[in-house]
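K.L.:
Chains A and B, in that order, are what the protein sequence lines are.
In terms of our numbering, the first sequence opens at residue 1 and continues consecutively.
In terms of our numbering, the second sequence opens at residue 1 and continues consecutively.
If you are wondering where the hints come from, they were derived from the structure by calculation, not from laboratory data.
Fair warning: this is a prediction, and the values are worked out from it, not measured in the lab.
Think of the CB as a built atom: it goes at the ideal place given N, C-alpha and C, for glycine as much as any other residue.
Warning: the hint list may mix true and false statements.
[As the list claims (entries may be wrong)] Here are the simulated DSBU-like pairs of lysine-lysine, each with C-alpha atoms no more than 35 Å apart in a straight line:
1. B/Lys116 / B/Lys28
2. A/Lys190 / B/Lys28
3. B/Lys116 / A/Lys311
4. A/Lys111 / B/Lys116
5. A/Lys311 / A/Lys62
6. B/Lys116 / A/Lys62
[Stated by the list, open to error] Going by beta-carbon spacing under 10 Å, a handful of chain B positions derived as facing chain A:
7. Met1
8. Arg96
9. Asn97
10. Ala102
11. Ala156
12. Leu200
13. Arg215
14. Leu217
15. Gln244
16. Thr282
17. Thr349
18. Val416
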Amino acid sequence: MTTAPPTASQTQPLGHHELSHLDALESEAVFIFREVAAELERPVVLFSGGKDSIVLLRLAEKAFRPAGFPFPIMHIDTGHNFPEVLDFRDRRVAELGERLIVASVQESIDKGRAVEEPGENSSRNRLQTVTLLDAILEHGFDACFGGGRRDEEKARAKERVFSFRDEFGQWDPKRQRPELWSLYNGRIRKGEHIRAFPISNWTELDVWQYIERENLEVPEMYFAHERTVVERDTMLLAVSEWIQPRPGEQAYEATVRYRTVGDMNCTGAVESSATTVPEIIAEVAATRITERGATRADDRFSEAAMEDRKKEGYF
Amino acid sequence: MELLRLATAGSVDDGKSTLIGRLLFDSKAIFEDQLASVERASVQRGHEYTNLALLTDGLRAEREQGITIDVAYRYFATPRRKFIIADTPGHVQYTRNMVTGASTADVAVVLVDARKGLLEQSRRHAFLATLLRIPHLVVAVNKMDLVEWDETRFRAIVDDFTSFSSSLLPVADVTFIPMSALQGDNVVDRSERMPWYDGLPLLEHLETVHIAEDRNLVDMRFPVQYVIRPMSDAHHDYRGYAGQVAGGVIRAGDQVVVLPSGLRSQVAAIDTYDGPVEEAFTGMSVTVRLVDDVDVSRGDMLVRADSGPSTSQPSTSQPSTSQDVEAVVCWMVDQPLRQGGRYAIKHTTRWARAVVGDLRYRLDVNTLEREETAAELALNEIGHVRLRITAPLMHDPYGENRTTGSFILVDEATNVTAGAGMIVSD
């Protein structure tokens, strides 16, 4: 059978009272945004500058305009960001006219709340959890919207849309609340919170089709560009302040793009010639490697890397 | 492209994992790194072949205990449709999981092993799919390779199922497909070894089964979810009622009634981020503005005012508005449901409190017998209860509207979702 799903602009017209898959996913996500805003006191939307959180912000506009968002936007800043992502973040937040909170992993380290993992070029991925949980406590947040998708990873495949976290921020896969119809249960006690995932049912392809349909701007690093890289653990890492060629490694120029936005020192690029959103859609439809498998060293430690981090309170 | 939600249920023995693996694999939704990871894990655990079941048992917490906890969601797309599979395990907490996965499904696939015929488990699957009013049921008669592709065997299972299903609630649409998930016969490609079967292979059936008519597009129901009030100079007087249409079609200019207050008004406009729309139908999230400044808040419901005989609209029935509800409840926690039990109840966008007035009977999901002397519903049990609610619910029978006919019961001490209810007509 053929395998390239059509892009949003190519889909066949549907009958009069049928929703396209993107419309159905959008409506579900808008419903989730409104449900959280109605049931919880102090939500916050987490924003990384990546494509999923860019889609989240558009969905929040769809849910609440012409009013402002009934919650602030929060970025967990690891200090290892791609510089263009920070520029993008500030520009996007200014366009929206919404409030931004930046919670810094570096500050958590400076205060002694988090300890840098040993070794050259260690990942701050796990440390983000400390900063996130501290920020939740400091601001009294009782719900965090995240851009997690169930197609990303097998622990996420089993996570609820309203994902309950105890007073330690922990996810317990065995104590998840049954989630039926669209009857989300957001009841919590003080100190507990809900992680809400409005795009749980979206795939990477859906996200790009939506970006195309909504004409959303994404950071330039998602498009093919020239970059100096080294190959390490079968990933292409950008040579930067944190990544320098080791003995035996050769830095070289390559035409690459990023499929995910993470820290500079653990997010790999993929070789690509896609310079437009339609070209990315064609590439994603044809790819045979998951986005995390291709590009995230942080998910490769073990079969259960994501599961372990989620239990500690990760996104 | 349309979205189809599919529920599959069964144990590894039925070949369910193999079937899902084949759907995902043949539609290229399994990626090389996932396959490599499964291959590595298969070798590590001493399996002789790449065990596609490992794709579906995800968590270490599950592997350590050799169980599957819960519903997992999988995604794949063909050029015709996007599919969401709610994959539920067969063993422990079976009913709770299947009810969860089935609650939103358009199609249920029930697996039957061709060698064993219709087992208790297959009957239970079919019953739950019917109870949850999944509009389309596929009975996948699997492992046909092990019965030499025998038509007689297939026909016997079809007959057996048909006589069993006549004792169920009305099943909308049943399709029987003989297949071998292992060898790929009639999953994606038509089998050449069963020329006597003139129906579609599973995937083509899923791509073409007509689901648009399954929703209730007649009786307009708009549960108010959130009130949008910008409190800004530019939109000083804006007051919009946001929500997802739960039934029928709502149009600008419609005469509406606000329930439970009974106040009447007219739809001034239906707003979306992308501009106003003339109408919104079931499944759409929109913001409704009314002509009058009436009091409307979250948990209220807009319905169309009864239309006179002169309009061309189909006559619109009103939902029942009452504090007493009869329902079939599936129980999902260890602490049993008993008469007198008090719970928080969530129905559409409305929270209230409910007390169990009466447990009329418990249903044996294997024999479908009613046990009228039952004193409680334990975990994974299903029964018919009468509830008294602190506030009126605007409800329809579940068979007429899966959104306005469903509710959850929540334990007020732990906040855990304890039961799922489907309202039956009073």
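K.L.:
Of all the hints given earlier, name the ones this structure violates by number, lowest first.
P.N.:
2, 3, 4, 6, 11, 12
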